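Here the structure of chain A is known, so what remains is to put chain B in place on it, guided by the hints.
There are 2 protein chains.
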Amino acid sequence: MGYGRQELRLVSIKEFMLDRPFQESLFACSIMLQKHMSDLLPGDFSDSKLVEAMRYCVLSDGKRIRPFLLMATANMFGVETLDTLNAASAIEFIHVYSLVHDDLPAMDDDDLRRGIKTCHNKYDEATAVLAGDALLTYAFELLSRPDTHQDAATRCDLINKVALSSGFRGMAGGQMMDLEKQDQDEISNEDLAKLHRLKTGELFMASVEAGAILGRASAADRTSLRNYAHDLGLAFQIKDDILDHQGVVEGSIELDETIHINPNKKAKTENASIVDVLGIDNARIRLKMLEEQAIARLKGFGDKAKLLRELAEFVVERKR
Amino acid sequence: MGYGRQELRLVSIKEFMLDRPFQESLFACSIMLQKHMSDLLPGDFSDSKLVEAMRYCVLSDGKRIRPFLLMATANMFGVETLDTLNAASAIEFIHVYSLVHDDLPAMDDDDLRRGIKTCHNKYDEATAVLAGDALLTYAFELLSRPDTHQDAATRCDLINKVALSSGFRGMAGGQMMDLEKQDQDEISNEDLAKLHRLKTGELFMASVEAGAILGRASAADRTSLRNYAHDLGLAFQIKDDILDHQGVVEGSIELDETIHINPNKKAKTENASIVDVLGIDNARIRLKMLEEQAIARLKGFGDKAKLLRELAEFVVERKR
Numbered sequence: 001m002g003y004g005r006q007e008l009r010l011v012s013i014k015e016f017m018l019d020r021p022f023q024e025s026l027f028a029c030s031i032m033l034q035k036h037m038s039d040l041l042p043g044d045f046s047d048s049k050l051v052e053a054m055r056y057c058v059l060s061d062g063k064r065i066r067p068f069l070l071m072a073t074a075n076m077f078g079v080e081t082l083d084t085l086n087a088a089s090a091i092e093f094i095h096v097y098s099l100v101h102d103d104l105p106a107m108d109d110d111d112l113r114r115g116i117k118t119c120h121n122k123y124d125e126a127t128a129v130l131a132g133d134a135l136l137t138y139a140f141e142l143l144s145r146p147d148t149h150q151d152a153a154t155r156c157d158l159i160n161k162v163a164l165s166s167g168f169r170g171m172a173g174g175q176m177m178d179l180e181k182q183d184q185d186e187i188s189n190e191d192l193a194k195l196h197r198l199k200t201g202e203l204f205m206a207s208v209e210a211g212a213i214l215g216r217a218s219a220a221d222r223t224s225l226r227n228y229a230h231d232l233g234l235a236f237q238i239k240d241d242i243l244d245h246q247g248v249v250e251g252s253i254e255l256d257e258t259i260h261i262n263p264n265k266k267a268k269t270e271n272a273s274i275v276d277v278l279g280i281d282n283a284r285i286r287l288k289m290l291e292e293q294a295i296a297r298l299k300g301f302g303d304k305a306k307l308l309r310e311l312a313e314f315v316v317e318r319k320r
Numbered sequence: 321m322g323y324g325r326q327e328l329r330l331v332s333i334k335e336f337m338l339d340r341p342f343q344e345s346l347f348a349c350s351i352m353l354q355k356h357m358s359d360l361l362p363g364d365f366s367d368s369k370l371v372e373a374m375r376y377c378v379l380s381d382g383k384r385i386r387p388f389l390l391m392a393t394a395n396m397f398g399v400e401t402l403d404t405l406n407a408a409s410a411i412e413f414i415h416v417y418s419l420v421h422d423d424l425p426a427m428d429d430d431d432l433r434r435g436i437k438t439c440h441n442k443y444d445e446a447t448a449v450l451a452g453d454a455l456l457t458y459a460f461e462l463l464s465r466p467d468t469h470q471d472a473a474t475r476c477d478l479i480n481k482v483a484l485s486s487g488f489r490g491m492a493g494g495q496m497m498d499l500e501k502q503d504q505d506e507i508s509n510e511d512l513a514k515l516h517r518l519k520t521g522e523l524f525m526a527s528v529e530a531g532a533i534l535g536r537a538s539a540a541d542r543t544s545l546r547n548y549a550h551d552l553g554l555a556f557q558i559k560d561d562i563l564d565h566q567g568v569v570e571g572s573i574e575l576d577e578t579i580h581i582n583p584n585k586k587a588k589t590e591n592a593s594i595v596d597v598l599g600i601d602n603a604r605i606r607l608k609m610l611e612e613q614a615i616a617r618l619k620g621f622g623d624k625a626k627l628l629r630e631l632a633e634f635v636v637e638r639k640r
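These protein sequences, in sequence, are chains A and B. Just so you know, we're using my numbering here: the first sequence kicks off at 1 and counts up by one. Just so you know, we're using my numbering here: the second sequence kicks off at 321 and counts up by one.
With the rest of the complex left out, here is chain A:
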C-alpha cells in the first residue's frame, strides 16, 4: 500500500473536499477510489484471467461521478471519506459491470470504452460476461462486510437500495427498455425520460441515497438529495446527447484515424436522443433548467452542499 490508513486520516474532510477547487476534490476522490479498488481486486489471485479482466475494466479511466456523489453526500453529514470507500467502490463496480455487459456484441456492440478496448474486445465475450457477473456479485459482498459499516441494519439498507436501483425495476430494466425501443419507429418524450431515469437516474439516486444512509440523514434530507440526483441524472444524459450531437462520445478520447473501429459492427437503429426529440436549442434550455432545479433542491443544506452544487455545474459544463 502506498499510504496507511492513519496517514490518510490526516487529510481530513475539510481539507480534502471543501477548501479546494472542485476539480481537485473530484480528482482526489478518484485517486483514493482507484487505490481502494485496486486493493480490492488482488492482482495475483489464482491462475485465472477473470480477475485480470475485472481489474482491466474497473481500473481504466473514468469520471467516477457515481462514487463521487456518494462520497460528497456522506461528507455533508460528517462521514470520513475513508469510511465511504467500500460503498463507493461497490457503486462503481456496479456501474462498470453495466458498461461491460451493455458493450457486448448482443447489446450495443461497442469496440471502445473510455478510449481503450472494451472487455470482450480485449479478452472475449465469455470473459466479459463473467467479469461483469463477478463485479456485480463483488459489489454485494463488499456492502455486506462489517468494514463497510459497523451497523448491520445500515449495510442491509445500502444493499437493498443499490439492488433495487440496479435490478429489473431499475438499471437492468432500463437497458431492456432501451433495446426494445430501438425496434420501434419512434419514442415519446415520456418514454425517453423514463428510459433515462431507469438507465442512468436510478444509480445516481442510489449513490446519493447510499451517502445519506452512511450519514444517517433524515428522511426529508434523503428526499431532497434523491430529487437532486434525479435531476442531475437527466442533465447528465442530456449533456451526453448534446456532446454526441457535437461528435464527441462520452468518456472516449479524441478519435483519430489510427483507432480501429469494428468494421463488422451491425448498423443498429439507435434510439432517438433528446436532441433529436427537442432540437439542440431546446435541449440546451432543458439542460440549464435541470441544472438550476437540481441546485435548488440543495437549498436547505447551505454551504455543506458546495460539492454537489459544483458537481451539477461540472456535469453541465463538461467537454466530454
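Wrong hints could be hidden among the right ones.
What the hints assert, rightly or not - Distance condition first, Cα-Cα at most 30 Å in a straight line; then the derived BS3-like pairs of lysine-lysine:
id, chain 1, residue 1, chain 2, residue 2
1, A, Lys194, A, Lys181
2, B, Lys355, B, Lys442
3, A, Lys117, B, Lys355
4, A, Lys49, A, Lys181
5, B, Lys369, B, Lys514
6, A, Lys49, B, Lys514
7, A, Lys161, B, Lys639
8, A, Lys319, A, Lys304
9, A, Lys194, B, Lys369
10, B, Lys608, B, Lys626
11, A, Lys35, A, Lys63
12, A, Lys122, B, Lys514
13, A, Lys181, B, Lys369
14, A, Lys63, A, Lys299
15, A, Lys306, A, Lys35
16, B, Lys501, A, Lys122
17, B, Lys619, B, Lys608
18, A, Lys306, A, Lys288
19, A, Lys181, B, Lys437
20, B, Lys514, B, Lys501
21, A, Lys319, A, Lys117
22, B, Lys608, B, Lys639
23, B, Lys442, A, Lys194
24, B, Lys501, A, Lys161
25, B, Lys619, B, Lys383
26, A, Lys35, A, Lys194
27, B, Lys355, B, Lys639
28, A, Lys49, B, Lys501
29, B, Lys369, B, Lys355
30, B, Lys437, B, Lys501
31, A, Lys181, A, Lys304
32, B, Lys619, A, Lys181
Said to hold, decoys possible - Heads up, incomplete: computed chain A residues facing chain B, CB under 10 Å, no partners named:
id, residue
33, Leu50
34, Ala53
35, Leu112
36, Ile116
37, Val129
38, Leu143
39, Ala172
40, Glu180
Don't read these hints as lab results, they were simulated from the structure. On a predicted model such as this, the values are computed, not experimentally measured, just so you know. Where is the CB? At the ideal position from N, CA and C, for every residue including glycine.
Same frame as chain A, now just chain B:
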C-alpha cells in the same frame, strides 16, 4: 395467492418434511418454492419482456436441490419452512442466473435446458444476459429484506456467504476456469476437482450454510454441514458425468428426433469428465465413497439429518 400464510403454518415441519417419503418432501418443497418465486416475479410488471424472461427461466422445471438443501438444513434447527422461502428463492435465482449465462453462445452454446429452449434461444442473447443480471441482483435484494430474517446481522451473513460462493472466488471463477481448461489438452485430477468445487460445490456449501445461518447453528455444526455439502457437490457432479456417459443429459427430457438441435453449435472441446479421467468403474466407486463420506459427516445430528441423508442417496441414485 392460492393459500394463506396461516393455512400453510398448519402444515408443520414434522408433517411436511420428516414423516413422509423423501420424494414427497422434495416435491412439497419444490411446489412451495415455485409458488413463492412466482409471487416474487410479478407477471404484470411493466410492458417489458425482462420479467417475462426471468419468469420463463425461473419457473421452468428443475430439481431444486440447492433450495432444498437450504430448507432441509434450516428445518434441522427448527426453522419453519415458510421462513426459509425468501433465502431459498435467492439461492435458486442465483443458480438459474448461472445456467442462463453459461448457456449463452459465447459460453457453452446450449439450445435446450431442462427440456425447453434456453433463454437466449427463446428470446435473444441480450435478453438472456439481462435476465441473468436481474436475477442475480434480485437475489441480493431479497436477502437484504426484513421479511427474509428479522435480524439484519443474520441477513448480512447470508449475503456475504452467498456472494462469496458465487463470485470470482467461487462459481464465476469456476466457470472461467472451465472455459480456460477447455483450451488445454488435458486436465489433472486436482484441477478437475477444484473446477467442480468452484462451479458446483461452492453454491451447495452456501445453501447448507445459509440454512445453518437461519437456524443459528453452532460453528461446529456449520463445519460438519459444509463438509457434507462439499462431498455432496462432488458426488452430484460425478453422477452427472456418469449419466452423461450413459447418454442422458442432466435435467433434459428424453431426446427424440423432433427436437431441433442447433446446427450452428460450435464443436467445442469439452472438458474431460471424471469418467474420462477415472474410467466408469472407478467413477462409480468414487461416487459410492463420496455418498458414504457425506452421510458420515451427519453422524452428530442423529434423526434430525434424515432429509439430508436421503438427499445424498437421491443424488447418487437419480436417473436424470
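Hints and how they fare:
no.	hint	in the structure
1	A:Lys194 <-> A:Lys181	holds (12 Å)
2	B:Lys355 <-> B:Lys442	holds (23 Å)
3	A:Lys117 <-> B:Lys355	violated (44 Å)
4	A:Lys49 <-> A:Lys181	violated (35 Å)
5	B:Lys369 <-> B:Lys514	violated (37 Å)
6	A:Lys49 <-> B:Lys514	holds (16 Å)
7	A:Lys161 <-> B:Lys639	violated (43 Å)
8	A:Lys319 <-> A:Lys304	holds (27 Å)
9	A:Lys194 <-> B:Lys369	holds (16 Å)
10	B:Lys608 <-> B:Lys626	holds (18 Å)
11	A:Lys35 <-> A:Lys63	holds (15 Å)
12	A:Lys122 <-> B:Lys514	holds (27 Å)
13	A:Lys181 <-> B:Lys369	holds (12 Å)
14	A:Lys63 <-> A:Lys299	holds (26 Å)
15	A:Lys306 <-> A:Lys35	holds (25 Å)
16	B:Lys501 <-> A:Lys122	holds (19 Å)
17	B:Lys619 <-> B:Lys608	holds (17 Å)
18	A:Lys306 <-> A:Lys288	holds (18 Å)
19	A:Lys181 <-> B:Lys437	holds (25 Å)
20	B:Lys514 <-> B:Lys501	holds (12 Å)
21	A:Lys319 <-> A:Lys117	holds (22 Å)
22	B:Lys608 <-> B:Lys639	holds (15 Å)
23	B:Lys442 <-> A:Lys194	holds (27 Å)
24	B:Lys501 <-> A:Lys161	violated (38 Å)
25	B:Lys619 <-> B:Lys383	holds (26 Å)
26	A:Lys35 <-> A:Lys194	violated (35 Å)
27	B:Lys355 <-> B:Lys639	holds (26 Å)
28	A:Lys49 <-> B:Lys501	holds (12 Å)
29	B:Lys369 <-> B:Lys355	holds (21 Å)
30	B:Lys437 <-> B:Lys501	holds (27 Å)
31	A:Lys181 <-> A:Lys304	violated (41 Å)
32	B:Lys619 <-> A:Lys181	violated (58 Å)
33	Leu50	holds (4 Å)
34	Ala53	holds (9 Å)
35	Leu112	violated (19 Å)
36	Ile116	violated (21 Å)
37	Val129	holds (6 Å)
38	Leu143	holds (8 Å)
39	Ala172	holds (4 Å)
40	Glu180	holds (6 Å)
Comparing the model with each earlier hint shows violations of hints 3, 4, 5, 7, 24, 26, 31, 32, 35, 36; every other hint is respected.
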